[in-house]
Amino acid sequence: MSKPTPAESCSPPSQPAQALPDELHLLVEQHVQYVRSLDTRKDEYEYWLTEHLRLNGLYWGLTAVHLLGQPDALPRREVIDFVFSCVHENGGFGAAPGHDTHMLYTVSAVQIIATLDAFDELEERVDGGRKTVGKFIASLQERDTGTFAGDEWGETDTRFLYGALNALSLLHLLHLVDMDKAVEHIQACENFDGGYGTGPGAESHAGQVFTCLAALSIAGRLDLVDRDRLGGWLSDRQLPNGGLNGRPEKKEDVCYSWWVGSSLAMIDRLHWIDSNKLAKFILQSQDPDRGGITDRPGDMVDVYHTVFGLAGLSLIKHPGLMEVDPV
Amino acid sequence: MSGHGVPRVSAADDTRDAQKEQKKIEEYRTIVDLVNAKIAEREYTLEVLSLTEKVLKKNPEYYTVWNYRRLILQFHIETALTNNHDASISQDQPSDGRSPAQDTIHNLLTWDLSFIIPLLMQFPKCYWIWKYRLWLLSRATDLLPASWPKSLWNKELELVSKMLARDERNFHGWGYRRTIIASLEKIAQEGGDGESNMVEQEFEYTTRMIKSNLSNFSAWHNRSKLIPRLLDERGANNEDRRDMLDSEFSLIQEAMTDPDNQSVFFYHQFLMSTLSPTNPRHAAIALDLTNTDRVAIYEREIENIKELLEDFDDCKLIYQILLQYTKEYLDFEAGNKTVTTAEMREWLAQLRKLDFLRNGRWNDVERDLGL
Chain A
133 MSKPTPAESC SPPSQPAQAL PDELHLLVEQ HVQYVRSLDT RKDEYEYWLT EHLRLNGLYW
193 GLTAVHLLGQ PDALPRREVI DFVFSCVHEN GGFGAAPGHD THMLYTVSAV QIIATLDAFD
253 ELEERVDGGR KTVGKFIASL QERDTGTFAG DEWGETDTRF LYGALNALSL LHLLHLVDMD
313 KAVEHIQACE NFDGGYGTGP GAESHAGQVF TCLAALSIAG RLDLVDRDRL GGWLSDRQLP
373 NGGLNGRPEK KEDVCYSWWV GSSLAMIDRL HWIDSNKLAK FILQSQDPDR GGITDRPGDM
433 VDVYHTVFGL AGLSLIKHPG LMEVDPV
Chain B
185 MSGHGVPRVS AADDTRDAQK EQKKIEEYRT IVDLVNAKIA EREYTLEVLS LTEKVLKKNP
245 EYYTVWNYRR LILQFHIETA LTNNHDASIS QDQPSDGRSP AQDTIHNLLT WDLSFIIPLL
305 MQFPKCYWIW KYRLWLLSRA TDLLPASWPK SLWNKELELV SKMLARDERN FHGWGYRRTI
365 IASLEKIAQE GGDGESNMVE QEFEYTTRMI KSNLSNFSAW HNRSKLIPRL LDERGANNED
425 RRDMLDSEFS LIQEAMTDPD NQSVFFYHQF LMSTLSPTNP RHAAIALDLT NTDRVAIYER
485 EIENIKELLE DFDDCKLIYQ ILLQYTKEYL DFEAGNKTVT TAEMREWLAQ LRKLDFLRNG
545 RWNDVERDLG L
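Quick mapping for you: the protein sequence lines, in order, are chains A and B. Sequential numbering from 133 applies to the first sequence in this note's numbering. Sequential numbering from 185 applies to the second sequence in this note's numbering.
Bear in mind the hints are in silico, worked out from the structure with no lab data behind them. Where hints are given, some of them may not hold.
Label-pair ranges, simulated between beta-carbon atoms [what the hints assert, rightly or not]:
no. : chain 1 : residue 1 : chain 2 : residue 2 : range
1   : A       : E221      : B       : D472      : 43 to 49 Å
2   : A       : Q319      : B       : T524      : 34 to 40 Å
3   : B       : Q437      : A       : R359      : 46 to 52 Å
4   : A       : E221      : B       : E384      : 46 to 52 Å
5   : A       : D249      : B       : T525      : 20 to 26 Å
6   : B       : E231      : A       : Q162      : 46 to 52 Å
Reference listing, derived: stretches of chain B covered by chain A, where coverage requires no fewer than 3 residues with Cβ under 8 Å from a Cβ of chain A [stated by the list, open to error]:
no. : stretch
7   : 201-212
8   : 254-263
9   : 353-362
10  : 405-411
11  : 447-461
12  : 484-496
13  : 531-543
The C-beta atom is built at its ideal place from N, Cα and C for all residues, glycine as well.
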């Protein structure tokens, strides 16, 4: 995420954006308002039922406002205070204060710390700082298989492997893990269609393809990927309405704009899908009244689909968004 | 995730009653606060266990509360083991292999396994429930004589078959099924009874699933993973392996009658991918193919697929596959008596017409094939 993209591509250059129907332009202000409203919804039951996603949600919301070019829309100090209210002594983070540590939330915490450049605060507020967090993450690697567990209770998944490498790379502590073993494990998850699943033997799934490619990218081993085969599978995820699905013969969903789109970008095949139609599908999934983006047109919005819709648009250089790094 | 497939209600139509909403929130928070307080005090009682149930029924995604259940069960398991030890029942177990502690543990675990079933049925895509279930089973496997976990895992096999009948693409279900099979095989290999090799039966299962719905790609996928192992387990010789390849080609040939059924074409691509001489053993079927054999198979399959065009000349998948196979075929440095440049150009033109979404991809195919 660095510089604003030049205004090009999706909307015809001769036509001012205001002349487009509402649903076909990016509702920047509504989305920012939507993200800002998320923490003021304590009178909604849903707010309490989603407490187990709070730290992820904060990362998604923060990334959304950064992509929208309004990084200060969420108060830095409060965000950082919340992040550190979720940390445990072992260096792991829970979803919210009092929730147990897990890889998923630890990664979100590190991503927020990196986004806000709060590494000094990390050293001040956590005993042992960056190294404690790094050790927690590295301790979840299975020595014999190279994959990672989510927490002390065992479940392993390529999502956790990617999360670990992503966070450790942001912390500059990649040397704490056995990278060769991790790469070997990803290779064991590869299928004949070029895609990857949650573990060895599991069916290819676009979300898992993203995690495996991004992990290989961090490891500097994208040379192991059969780009044409996987690129073919990924581009076949685009359906006639422009949206992308996550597996063959499944419905489209805005979040795959990111999982599929960024995967294609990592293997230099983003031009294998129709960006204009994808942009249209994402823009149609906006809620014009209250802001936010949904899984597909007409459904309820949430912050997860909002950020991955925006990230998808950013990837295909839709005007008005900051540029995003596919990994 | 709250937003998956939930229809939007506009602000004006939002009739949620604020008072009712408030009451629901209060009830929920009261029970959550209570459970948190009890666990903070290490009150690992069965009463608290049933309190966690109330939370999880309202919110199965509350992973920390699943962890609370683990802590409580661990505590009771350890207590049972300690009491057993203190009663100094000698290490010679009764002939039925059960100690009182094991009885207690078995009861705790089976009771919990039953409790989760309705939740799993209601929330079949909730990672935490599947994960918790596996944890219970792993405790049973570690702590109980093999015949018990074996029967528990067998019940899981029935359960997951039911789940996959309800949603045949649930990847949690398929992953769970693979874990069940691996666990049952391990128990048998470690001296318990049962099948130490269930690959034949799982192969049959994919056959049944495919026959009931050819579009079930998850079943085709699983089949692609089972075949190489099946051949190893059978101790198949080169001829057996070639036979397997042939019979899979015949199966798929019969199924390729509906070009909208993508899964069938994907499986055909799998069979073709096994021909590559660089494939590792776990991704190969026939092991002694010569280049001449490969060329012959490519020629036969390209011809077969070309024939499909007579009935389905508007199916983009057919053109796509023909171009893919042609490229691979040419890489084997075949004399190429099967495909003409004019044909390839025609296929590409059709693809551009039928599938303009992927025009960038077809540009690259054109370049790579030098068309």
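Now the hints, each set against the structure:
1. Evaluation of the 43 to 49 Å hint for A/E221 and B/D472 yields a failure: the beta carbon distance comes to about 59 Å.
2. Checked against the hint of 34 to 40 Å, the pair A/Q319 and B/T524 passes, with Cβ atoms roughly 38 Å apart.
3. At about 30 Å, the CB distance of B/Q437 to A/R359 disagrees with the hint of 46 to 52 Å.
4. Distance hint for A/E221 and B/E384: a CB-CB separation of about 50 Å, consistent with the stated range 46 to 52 Å.
5. Look at A/D249 against B/T525: about 57 Å separates their beta carbons, and that is not inside 20 to 26 Å.
6. Under the hint 46 to 52 Å, the C-beta atoms of B/E231 and A/Q162, about 48 Å apart, fit the expected range.
7. Here the stretch 201-212 of chain B counts 6 residues with a CB under 8 Å from a CB of chain A, which clears the bar of 3, and the coverage holds.
8. Figure legend: the stretch 254-263 of chain B, annotated as covered by chain A; annotation inconsistent (1 residues with Cβ-Cβ distances under 8 Å, at least 3 required).
9. Under a criterion of three residues with beta carbons nearer than 8 Å to beta carbons of chain A, the stated coverage of the stretch 353-362 of chain B is upheld, 5 such residues being counted.
10. Under a criterion of three residues with beta carbons nearer than 8 Å to beta carbons of chain A, the stated coverage of the stretch 405-411 of chain B is upheld, 4 such residues being counted.
11. Using a Cβ-Cβ cut-off of 8 Å, 6 residues of the stretch 447-461 of chain B lie near chain A, which meets the minimum of three, so the contact claim holds.
12. Check result for the stretch 484-496 of chain B against chain A: violated, 0 residues qualifying (beta carbon to beta carbon below 8 Å, three or more required).
13. Using a Cβ-Cβ cut-off of 8 Å, 4 residues of the stretch 531-543 of chain B lie near chain A, which meets the minimum of three, so the contact claim holds.
The structure fails to meet hints 1, 3, 5, 8 and 12 from the earlier list, while all remaining hints are met.
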